[in-house]
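Based on these hints, arrange chain C on the given structure of chain V.
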Amino acid sequence: MQKYFYELVDALSAKLRGGEVLLAGFSGEESDFVRFNRSRVRQAGHVSQAHFGLELVAGGHHAKGSLSVSREKSADMEGLAAMLDGLRAQLPHVPEDPYLLYATEVRSGEQHGEDLLPDRGQALAAILGAGAGRDMVGIYAQGGICHGFANSLGQRNWFSTHSFNLDWSFYHAADKAVKSRYAGLEWSDEEFGGRVERAAGQLAVLARPPRTIAPGKYRVYLAPSAMEDFVDMLCWGGFSLKAQRTKTTPLLKMLEGEARLSPKVTIRENTAGGIAPSFQGQGFIRPGQVTLIAAGCIRDCLVSPRSGKEYGLEPNGASGDERPDSLDMDAGDIPAAEALARLGTGIWVNQTWYLNFSDRAACRVTGMTRFATFWVEGGAIAAPLNVMRFDETMYRALGENLVGLTAERDFLLNPGSYGGRSTGSARLPGALIDDFTFTL
Amino acid sequence: MHDKLEASFREVLPRADFCSLRHVREHEEMASVRQGVAEPAYLSDDGGAMITVIDKGGMGYAATSDCSRAGLKRAVEEASYWARKTAGVSVVDCAALAMPHPRGEYAGPEKTPWSSVPLGEKFDLLREECARLKTDPRIVDWQAVLWHVRMDTLYLTSEDGRVRQRFSFIVPGLSATASAKAETQTRSFGGLRENCRQGGMEALEATGFRKAAPRIAAESLELLAAPNCPSGTMDLLAAPDQMILQIHESVGHPLELDRILGDERNYAGTSFVTLDMLGSYRYGSDLLNITYDPTRPEQFASFGYDDDGLRAEKVFIIERGILKRALGGGISQARAGAPGTANSRASGWNRPPIDRMANLNLEPGESSLEEMIASIERGVYMQTNRSWSIDDSRNKFQFGCEWGRLIENGRLGAVVKNPNYRGISATFWRSLAKVGSAVTAAVMGTPFCGKGEPNQMIRVGHASPACVFKDVDVFGGE
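Just so you know, the protein sequences line up as chains V and C, in that order.
The numbers in numbering that gives the first Met the number 0 rise by one with no breaks, and the one at position 127 of the first sequence is 126.
The numbers in numbering that gives the first Met the number 0 rise by one with no breaks, and the one at position 340 of the second sequence is 339.
Take the hints with a grain of salt, since some may be wrong.
Claimed, not checked - Derived EDC-like pairs: lysine to aspartate or glutamate, alpha-carbon spacing no greater than 16 Å straight-line: (1) 180/C x 332/V; (2) 72/C x 123/C; (3) 84/C x 118/V; (4) 180/C x 255/V; (5) 72/C x 71/V; (6) 469/C x 285/C.
Unchecked claim - One-sided excerpt, in silico: chain C residues whose CB lies under 8 Å from chain V: (7) 77; (8) 349; (9) 419; (10) 440.
Claimed, not checked - Quick look at which bits of chain V chain C covers, simulated, 3 or more residues with Cβ under 8 Å: (11) 166-175; (12) 194-208.
Bear in mind the hints are in silico, worked out from the structure with no lab data behind them.
In this text the structure is predicted, and so the values were computed from the model without any measurement.
Glycine included, each C-beta is placed from N, C-alpha and C at the ideal position.
This is chain V alone, in the form it adopts within the complex (with noise of 0.2 Å):
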């Protein structure tokens, strides 16, 4: 796919003519799909895509096109030469454009993933297996991803990676249930049995009556795999310079100087660390790590070539949203394996689903408790959670109620697909945190 990618940006480089510029981007993906519900299959296929992506630039002006290929040249050539011309023919009508900016400087580079994925078939009978005389319902996704970079000026990036996500549940009753996720390179037998024995063994708890707690004011311990959503809220405009331009950040409190978090709360954009590519649309490369918030305070922004242009920063190899796709935050020093002693009374969440800001300005957050949620009494787990909505600040939760992080990280890989197989990650590390709010 790359040479093909790579023969194509060349034969549509010759057509360019005298002071044009062709940025290409490239991404396709083989994957395989299979849906659950009730231990059985809902839906199974398979999914073949690419789509080339072409910016003609001349000038000052620019025009972006996008198109889907067969992965067969020849044919391929003819729909990419013809939106070519479609894009040139664009360009009288389109406005000089003050916040161009590519990448001039030729930064080739390779990221190849080795192809270690099991049989489809027998991952789909290892999954129907552990689903025998339970209720599972789920994702498992399997398959290749590739994208690809390249311009007129020579510079070549490619990066492809072989990867599995299946994203499941264990159902008890009604809403109660264990949500789980196994998800990397290299399939083993044994730690997906591992991981299906200790969502079974929390299955077990959501049979014992749910609690129903009243509104208030409650000790929390959030999860990594809870923190991966409030977390994530951060990202739609927390670190992006545009937002932070236009104060459209949530965290504009912090950068008007009124609001900080918690001293414990280190936050970096770490490429080196996850498992996206390290370039982006206008050929900038990513630097490995990119520290956004240091010690509870602003420090970095992501900037993506527009914004840097428009607000006079250096790019930092950031996409036009500006959102993170290697999230990491440090950890904390309180022992996992001792969080719930230490939560003592309280709620211990497992997932959280549903956010979105009730306050933006003000970093407030609302959202749901899902899945095994737990009611705990002297530090022990003791009824599963009816679900409760939560409503509160970033300030407080990970500012001045936040008792520590802790010591060990879960790395998650994002199952997302809208549109194709998501390449982003998570590094975090549980919170426990005092006076939460949940409103109903």
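Just chain C now, kept in the frame of chain V:
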């Protein structure tokens, strides 16, 4: 192209109980002007085919962007592989399914084709609207956007089914962000692109796009100086651009049959609604009438046939407050043994159809806006959704709006910022006290409804009048 596709499909048909091809091609263009500067024009041409094979009780699909005969043949082989692998282990009794083999055509409205207006003129229009948003130095960000998608679909089945459908979707957007010190407020034209419709350039007029900019700019500044929305139990007057989220999240999703059947429990969630409620459950007050209505061509999710070939017809989902039927396509109807609607839909060629609400509308009542305001002793009038959250059973919800205005003793009062409210779906709709007339109603929708594993983002349409709810838990910001 469709003839060539059909010929290739007929040549590669497998020996199976059922096989279908669904080809989708979307041609997309977006133009945007932010702070007076044109952003790079974007166009996309995305096409591919989904093959579905049902055989011996199993079902498999395969999607490919290679629509050559060889590409379709490979897709048939992949789909057949998964049909074999799932035979005997499927949650659906595929051998018992009677898949339709429809023949027909559908074309949505488009009087003035998007392509008939040169790109330069679109940028001129956007520059003009963008300029009208910047009325004050405190407006720190402002933008005008036009987004258009032309979609052509072809659905073929192994027994000569053939449906061709053609659509033109237009999505305008405006926003103004005002800021002073540590306060920022954004006012927009329909929040997350809610003023979306089917149609050509003529549809812009119907959305009110060309009149909205001065009001949006003024209201963003007004919000900067406004107090927080008060907290307490009071009445809520929800404008159509909030009502559509209320309908979407707490009527639409809980009534999707695949959620009720458990398919979504690992991701989008289950439902507080169970099959035994259909036909008798009091969902809301007598004033609540909800329809599944694919027959209004200007609405965002109108179509002739769903993606499993079921013909779309208008039906009442909730009538005078009583739940009549759920939202589910042919396969879900067969599984549930319950009636549904033609809404087995896929977000594109690369995803299999699942139950998705399409146009889900709240039918107008008889109250004027003035009558509704006059009926409220203490309450808040909320416009334009900006925050939405609901539990996995679609019960405990919380919504936030861009703009609020107090209502006291039957009269509109001061503007308030950060208006929010929360409630429980199972009881909330029973507090529906007034339903606005058709004059108060708007046709809206969203291009961004997420659901499914693998994930799918799809278009939905909603039309609703303004409505009054009694004794709602209302609150503001920090």
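Right, here's what the structure says about each hint:
Our distance criterion of 16 Å between C-alpha atoms is broken by residue 180/C and residue 332/V, whose separation comes to about 36 Å. For the suggested pair residue 72/C and residue 123/C, the alpha carbons sit about 47 Å apart, so the restraint of at most 16 Å is broken. Simply put, residue 84/C and residue 118/V have alpha-carbon atoms about 13 Å apart, close enough for the 16 Å limit, and the pair holds. Taking the CA atoms of residue 180/C and residue 255/V, the gap is about 7 Å. The hint holds against a cut of 16 Å.
A hinted pair counts as satisfied when its Cα atoms are at most 16 Å apart, and residue 72/C with residue 71/V qualifies at roughly 15 Å. This hinted pair checks out: residue 469/C and residue 285/C have alpha carbons roughly 14 Å apart, not beyond 16 Å. A distance limit of 8 Å between C-beta atoms decides the matter here; for residue 77/C the minimum to chain V is near 4 Å, and the interface restraint holds. Evaluation of the residue 349/C hint against chain V yields a held restraint, the C-beta minimum of about 5 Å falling below 8 Å.
For residue 419/C, the shortest C-beta to C-beta distance to chain V is roughly 5 Å, which falls under 8 Å, so the interface hint holds. For residue 440/C, the interface hint is violated, the least distance from its beta-carbon to any beta-carbon of chain V being 26 Å, above 8 Å. Figure legend: the stretch 166-175 of chain V, annotated as covered by chain C; annotation consistent (6 residues with Cβ-Cβ distances under 8 Å, at least 3 required). With 0 residues carrying a beta carbon less than 8 Å from a beta carbon of chain C, the stretch 194-208 of chain V misses the three-residue requirement, and the given coverage is violated.
Hints 1, 2, 10, 12 from the list above are not met by this structure, while the remaining hints are.
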